[in-house]
Amino acid sequence: MKEHCSHQADCLKMIQLILDGEATEQQLARLKANLVSCQPCIQMYHLEKEVKELLTKRMEKKCCPDQLVERIKTKILTFS
Amino acid sequence: MSDTPTRDDQDRTGAPDHGMPDGPDQLLPDGDPVEQPSADTPARRYTDEQKYQVFNKEFMPHIDSMYNFAFRLTTDEDDANDLVQDTYLKAFRFISSFEQGTNAKAWLFRILKNSFINDYRKKSKEPAKVDYQDVETTYNSEDAESEHTVDLRAESVSDLIGDEVATALNSLPVDFRTVIILCDIEGFTYEEMAKILDIPIGTVRSRLHRARNLLKEKLRDYASSMGYKEESEE
Ligand SMILES: [Zn+2]
Chain Z
1 MKEHCSHQAD CLKMIQLILD GEATEQQLAR LKANLVSCQP CIQMYHLEKE
51 VKELLTKRME KKCCPDQLVE RIKTKILTFS
Chain W
1 MSDTPTRDDQ DRTGAPDHGM PDGPDQLLPD GDPVEQPSAD TPARRYTDEQ
51 KYQVFNKEFM PHIDSMYNFA FRLTTDEDDA NDLVQDTYLK AFRFISSFEQ
101 GTNAKAWLFR ILKNSFINDY RKKSKEPAKV DYQDVETTYN SEDAESEHTV
151 DLRAESVSDL IGDEVATALN SLPVDFRTVI ILCDIEGFTY EEMAKILDIP
201 IGTVRSRLHR ARNLLKEKLR DYASSMGYKE ESEE
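Top line first, the protein sequences correspond to chains Z and W. Throughout the first sequence, residue numbering follows full-length UniProt numbering, covering 1 to 80 in sequence. Throughout the second sequence, residue numbering follows full-length UniProt numbering, covering 1 to 234 in sequence.
The set of hints was computed from the structure by calculation and includes no laboratory data. Keep in mind the model is a prediction, meaning the values are calculated, not measured. Among the hints, erroneous ones may be present.
With the Cβ distance kept under 10 Å, some of the chain W side facing chain Z (calculated, not the full set) [stated by the list, open to error]:
| # | residue |
| --- | --- |
| 1 | Arg45 |
| 2 | Lys51 |
| 3 | Phe55 |
| 4 | Glu58 |
| 5 | Ile63 |
| 6 | Phe71 |
| 7 | Gly101 |
| 8 | Glu155 |
| 9 | Gly162 |
| 10 | Leu215 |
Note that CB positions come from ideal geometry on N, CA and C, so glycine has one too.
I would like the entire structure built from these sequences, with the hints used as guidance.
If you want it as structure tokens, here you go:
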């Protein structure tokens with residue numbers, strides 16, 4: 001297991017592409033290899049995944065106020 | 001108070017350079033608009049009935065996402081209300097440049113983001129009116145290879161709650177905040193983001209990368225202020 005990653009910055013970019021679903025097969029294969037052999041890559045992967053999940057799952061999602069919905073619907077009726 | 005329909009839309013939508021959201025040529029047509037000779041994109045001819053149908057079926061379902069986007073950009077409920085309303089009224093006025101069955105959400109987000117830049121950003125009380133170009137130039141000028149990684153462990157952030165993440169996100173310059181919202185919260189692809197933001201995909205990628213580094217720095221400050229143990233500072 002590698003304790004130091006010599007191309008950490010590139011690995012980080014690759015990890016983000018993968019978590020964003022934007023990576024190539026090649027990049028995916030490379031990450032898989034790194035995840036069994038490179039300690040810094042494993043840590044970066046877990047951190048990036050955790051941060052992304054915080055954003056996707058833990059942020060409050062508001063509902064658009066009903067009044068606003070009604071107001072928009074009313075206003076477009078007077079258009080055309 | 002914000003529900004009194006007194007505001008004069010003509011004033012707002014007719015403001016400076018935008019009689020249109022951006023000119024129909026720039027609005028997301030089907031397929032790959034970057035490849036398309038934009039001027040050739042024909043305007044759809046909808047009957048009034050069809051217009052309302054498209055509006056209700058394709059635009060209205062995104063109103064919660066739009067409201068959240070507006071709120072995260074403006075960080076103010078009244079502004080978010082106005083911004084969403086402006087956006088939907090513009091979308092209706094220029095509905096002929098929307099092609100049914102194409103990506104309505106991206107189309108709407110793009111109008112909202114342009115309205116925000118044109119009408120709200122100037123008056124927004126964002127403390128450090130960061131000039132985006134400056135920030136981006138500064139960040140991009142760093143040698144990519146020597147770029148630092150933020151010293152933070154997954155376990156330190158796993159206990160953060162939504163409010164803390166939201167505060168950290170809000171403290172980022174708006175352009176960085178925007179890419180994170182679009183990608184991580186709304187799940188747009190890089191290609192869609194490029195269209196919404198009118199920037200190349202490469203810029204989406206690098207901006208997102210910077211944004212996440214900044215966000216992690218904020219989260220690290222949070223985590224350490226809450227007493228999580230950190231590895232030695234860089
Ligand atoms: Zn590595």
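Fill in: Non-conforming hints, listed in increasing numerical order
1, 4, 7
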